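Using the sequences and the hints given, assemble the complete structure.
Start counting the sequence shown at 53; every next residue gets the next number (this note's numbering).
Keep in mind that the hints were calculated from the coordinates and are not lab data. Remember, predicted model here, so these are calculated numbers, not experimental data. Fair warning: there could be bad hints in the mix.
[To be verified] Below, a list of computed lysine-lysine pairs in the DSS-like style, where the Cα atoms sit at most 27 Å apart:
1) K145 to K115
2) K101 to K129
3) K129 to K94
4) K101 to K115
5) K94 to K115
6) K162 to K129
7) K93 to K129
8) K94 to K145
9) K93 to K162
10) K145 to K129
11) K93 to K115
[As the list claims (entries may be wrong)] Computed spacing ranges between beta-carbons, pair by pair:
12) L125 to V98: 27 to 33 Å
13) K101 to E160: 29 to 35 Å
14) G176 to L113: 27 to 33 Å
15) K145 to V98: 18 to 24 Å
16) H179 to E114: 29 to 35 Å
17) E110 to H85: 34 to 40 Å
18) L177 to Q127: 30 to 36 Å
19) A128 to L177: 28 to 34 Å
20) P148 to G176: 26 to 32 Å
21) Q178 to E107: 28 to 34 Å
22) L104 to G147: 31 to 37 Å
23) K101 to Q149: 22 to 28 Å
For glycine and all other residues, C-beta sits at the position ideal for the given N, C-alpha and C.
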Amino acid sequence: MAAPSAGSWSTFKHKELMAADRGRRILGVCGMHPHHQETLKKNRVVLAKQLLLSELLEHLLEKDIITLEMRELIQAKVGSFSQNVELLNLLPKRGPQAFDAFCEALRETKQGHLEDMLLTTLSGLQHVLPPLSCDYDLSLPFPVCESCPLHKKVRLSTEIESCSVTQAGMQW
53 MAAPSAGSWS TFKHKELMAA DRGRRILGVC GMHPHHQETL KKNRVVLAKQ LLLSELLEHL
113 LEKDIITLEM RELIQAKVGS FSQNVELLNL LPKRGPQAFD AFCEALRETK QGHLEDMLLT
173 TLSGLQHVLP PLSCDYDLSL PFPVCESCPL HKKVRLSTEI ESCSVTQAGM QW
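Below, the structure is given as structure tokens:
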């Protein structure tokens, strides 16, 4: 088998990078809004205790928020609290429309008090929380920071520069 030429290697790397970028864009589009995630997090215990899932899961399935496999995974958990926790773990990964569909499903299943609680929390977050500070470009389609925060990078590079090696050993 012949070794790949320099041209074919760069073509391979280009395709690999394009596939990775496409994956990042898909995840960026599919992620739930941070305010929605925070709203679910702040109300997690109440939701885990009070959600009534039987009909709710059918509404979420109908709205394509969960799949049949996800419903089975949720229902396989023992006890309503564990089932509710499983749903709450899945929801933030189910796209930007998942929160609104979840609220609508709560209303349709006569759990409007939980929807009201979520919307009250969301309203407070939107008026109180400043925009999230991040070390990535918000104009990019996939806003995920995979690197260390800037202050950690600086500290790390300072530590490396202050380390010197002598014949006797390392000195700090």
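Hint-by-hint comparison with the structure:
1. K145 to K115: 15 Å, holds
2. K101 to K129: With Cα atoms ~14 Å apart, K101 and K129 stay inside 27 Å; holds.
3. K129 to K94: 23 Å, holds
4. K101 to K115: 24 Å, holds
5. K94 to K115: Measuring from Cα to Cα gives roughly 24 Å; hence the hint holds.
6. K162 to K129: 23 Å, holds
7. K93 to K129: 20 Å, holds
8. K94 to K145: 17 Å, holds
9. K93 to K162: 22 Å, holds
10. K145 to K129: Judged against 27 Å, a Cα distance of about 19 Å means the pair holds.
11. K93 to K115: With a Cα-Cα distance of about 22 Å, the restraint between K93 and K115 holds, given a limit of 27 Å.
12. L125 to V98: 27 to 33 Å: 23 Å Cβ-Cβ, so the 27 to 33 Å window is violated.
13. K101 to E160: 29 to 35 Å: 21 Å, violated
14. G176 to L113: 27 to 33 Å: Holds: the Cβ-Cβ distance is about 30 Å, inside 27 to 33 Å.
15. K145 to V98: 18 to 24 Å: 21 Å, holds
16. H179 to E114: 29 to 35 Å: 33 Å, holds
17. E110 to H85: 34 to 40 Å: For H85 against E110, whose Cβ atoms are near 25 Å apart, the range 34 to 40 Å is violated.
18. L177 to Q127: 30 to 36 Å: Once the Cβ atoms are compared, 31 Å apart, the range 30 to 36 Å for Q127 and L177 holds.
19. A128 to L177: 28 to 34 Å: Check passed, 33 Å falls within 28 to 34 Å.
20. P148 to G176: 26 to 32 Å: With Cβ atoms ~20 Å apart, the hint is violated.
21. Q178 to E107: 28 to 34 Å: Given a distance of about 29 Å, which is inside 28 to 34 Å, the answer is holds.
22. L104 to G147: 31 to 37 Å: 23 Å, violated
23. K101 to Q149: 22 to 28 Å: Holds, since K101 and Q149 (Cβ atoms, about 26 Å apart) stay within the stated range.
In terms of the numbered hints stated before, the structure departs from hints 12, 13, 17, 20, 22, listed from lowest to highest.
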